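Visitor: Those protein sequences? They're chains A and B, same order as listed. The working numbering applies: residue 1 is where the first sequence begins, and numbers increase by one. The working numbering applies: residue 1001 is where the second sequence begins, and numbers increase by one.
In short, the hints are calculated from the structure, not lab data. Fair warning: this is a prediction, and the values are worked out from it, not measured in the lab. Here a beta-carbon is modelled for each residue, glycine too, at the ideal position from N, C-alpha and C. It is possible that part of the hints are untrue.
[Stated by the list, open to error] A few chain A residues facing chain B, derived, Cβ under 7 Å: (1) T36; (2) G141; (3) F142; (4) H210; (5) I237; (6) D239; (7) T409.
[What the hints assert, rightly or not] Covered stretches of chain A (in silico footprint by chain B; criterion: 3 or more residues with CB under 8 Å from a CB of chain B, positions within the stretch not fixed): (8) 185 to 197; (9) 401 to 408; (10) 432 to 441; (11) 444 to 450.
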Amino acid sequence: MTKQRVLRMVWALAAAALLVLASCNQLPGQGKKGGTFVLGLVAEPTSLDPAQLTDINSMRILSSVYDTLVRFDEGGFELKPALATKWTVSSDGLTYTFELRKNVKFHDGTPFNAAAVKFNFDRMLDPKHEFASTGPFPFAGFYYGSVKETKVTDDSTVQIILKTPYSPLLNSLTLNQGRIVSPDAVKKYGKDYGQHAVGTGPFKLVEWQHGVRVVVERNNDYWDGAPLLDKIVFRPIPDEQTRFTELKSGNADAIVDVPPDNVAQVKSDNRYQYIEQPGPHIWWATFNLDKKPFSDLKVRQAVMYATNRDAISRDILKGTGTTANGPIPPSIKWAYTDDVTKYPYDPNKAKQLLADAGYPNGFSAVFWVPESGSGMQSPKSMATAIQGDLAKVGIKLDIKTFEWGAYLTKYNAGFGTEADMGAMSFMLDPGDPAPYLGLVADSAAAAPNGFNAGGYKSAKVDQLLRQAVATTDQSQRGKIYQQVEQEMAKDLPWLFVDNQIQNAAITTKVHNLKLHPSFYIFFDKIWID
Amino acid sequence: MSRYILQRLFGLVGVLFGVSIVLFLALHLAPGDPAQLLLGPLVRPDDLARLREELGLDRPLPIQYVTWLGHVLQGDLGRSIASHRPVLIEIVERFQATALLAGASLLISAVVGITVGVLAAINRGGWIDRASMVLALISMSTPSFWLGMVFIIVFSLVLGVLPGSGMISPRGDGGVLDVLAHLILPALTLAAVPTAVISRLTRSSMLEVIGLDYVRTARGKGLTEQRLVIRHVVPNALIGVATLVGIEAGYLLAGAVLVETVFAWPGLGSLLVTSILKRDFPLVQGGVMLIALSYVLINLATDLAYAYLDPRIRYG
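Here chain A stands alone, though its shape is the one from the complex (with noise of 0.2 Å):
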């Protein structure tokens, strides 16, 4: 063998040996680089401008291409640095100052700083705003009502100035109205921006196919470093049962909210994993607290005890629901107790209440319940099954239901004399009991005024929320919703029924697909064989 030979052969072996690095580019820890991720969701987005809704569904769209200011961990509910790096709240609770990251750019190329934060802020909230046609922002209202406004200091530090303190703040800027959208974007395609999303995150808008499907492309120049995905192709798929079915057919390669009865199922066969994640989220029935029989609380015990919650979440929710014990949904760890009066499934018990209250042999009760809704998980197989225990213990409830259109408008104006209970549900997703209970619990709530459809009034409940609203400190807040939970749990103007848990099933072939209680997705840690 000559010498050329030989290093001729060196040479081969060593581009060969490149060739195969280069091939799998997978690093120890850090996942695949590359391929098209497709998910399965329950619906369209309704648009692709995040100040105009709220809805979970586009909110899982939308984490793909924008960012926020701050931003939850990836296991809870605790802040996080996004789009800004620090961030600090005045003594007085009414001035936020938020250092931005810099050198980061929108997907058309141009930058964010605080003018940009402001411009979104301002577009929102103030019907005067250049821009503010580009709406409706329903929402901002409701989660941005104390901004008195916006102010940029440099180039990358900007103050939220509110008129009274208002600490859920922050964590509201977790949400959709959150999210930074590109100004110049907004400017260029005016009243249609929300077809042609532009922000700063992982991901970037290829294409919205209505109706077929939305596909973003990976970000190279992301500022927490590019996702390992190429694609993802979110694909609205209404029907469960054919969204199941292409799951099985490798149409997805991962799906949201496996329909109950399929659980089993999936968790059964080794091609797929079966995840779920305790969501914010809160189902119950309220009572009409302005008329007999509900107005006496051993009736309400009654009702309690009589029914089986925990069969429902069991039998009926098949374990994607677990039973709730107040009004603050377990996975918000900072305001959530465990310590409150509880009521385990006790018929006897219900029915020596009921014949103390002055019902030994029962009483009829209207019962409103919605034939579906967002959040309502099987209402009517849900308010059969506690119709069913409470007939045990002498209560005929007659359940009568509506479309949710219709339910709504008729809960919102409150039961007056016609019902007796309701059932309803809410997801929390700012991770926040506000500004959820000051609308269900305060007093000053009582329909029509809000949506304390069941007429509850409980002064210190009153007094609780309202200063949880006006402290900074959130182990502080975290305890006052401790005693506003404690309190709900002994009034009970509310049947307390069960806390969602949100649930996907994925092809063993996708990693790292992790689902937030706040319904949030990290798309750029997914990575697929």
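Go by the hints and put chain B onto chain A.
Guide: This is chain B only, laid out in the frame that chain A set:
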């Protein structure tokens, strides 16, 4: 002829006007508020009131109707309450998918239905006749959503030969062949009922014509059976069938909803269902008007087709 068409087009305007009033009342008098639905359960009353005002929902119904009609006459169908997109763009986009699905189903049901009907009639009492009529009865009584699910399970899950959902493969580029592959199952599902109806009517009108005097005469003249059927029986028997095909075309456009839902087909039907649930008034109004318009136009086309198929019919 052209005078007749003009008269009909004039009448068409009246029909559409009537449809718009009934539709508007039905939508607005039904309980449910689009602003409330958009905002969800927990909302501050003043936010709700402001949104209702922005959407013009706080104004009296007649004024809302006249405003809407005024805009429509200028070609502006407004913007969707939910997506804020122009209604016209949204419905035309979805209508194309529905028209493709309905068109394919119509083609299948006309070709298969007429062929089977003719074959059954000329083999009256034979096994082709019996088998095809039993099959027609079965497909007429099968609900389309159930048939769709069976197709998905058999062809897409078990055999894995055809896609069972959507209009393009999620990872694909959406080329013609891709769309065609996705079209097969929903089109067959949707075609099941009209195919059966058309084949039964073809068969009975063929039998009616076969019994007529002129056919006996033609046969007496010594025409071959094949020539007799093709030249003399089929054209006359098809006049009635043409009406039915026209009616079925309208049915397919409006009735595609269930099939679109089962197959996640991005058509107008499924869009209308979700829009009705959201009380997206402008979108539902625009979408239903578009369906009504195509329905009356198809009817007109069917009437005109008579004159072509049967030289004895003249409009004037």
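Visitor: A separate judgement is required for each hint: does it hold in the structure or not?
Guide: Going down the list of hints, with the structure as the test:
1. T36: 5 Å, holds
2. G141: 5 Å, holds
3. F142: 6 Å, holds
4. H210: A:H210 check passes; min Cβ-Cβ to chain B is 6 Å, inside 7 Å.
5. I237: 5 Å, holds
6. D239: 6 Å, holds
7. T409: 5 Å, holds
8. 185 to 197: Three-residue rule met by the stretch 185 to 197 of chain A, so holds; n is 4.
9. 401 to 408: holds (count 6)
10. 432 to 441: Coverage by chain B holds for the stretch 432 to 441 of chain A (4 residues, Cβ < 8 Å).
11. 444 to 450: holds (count 3)
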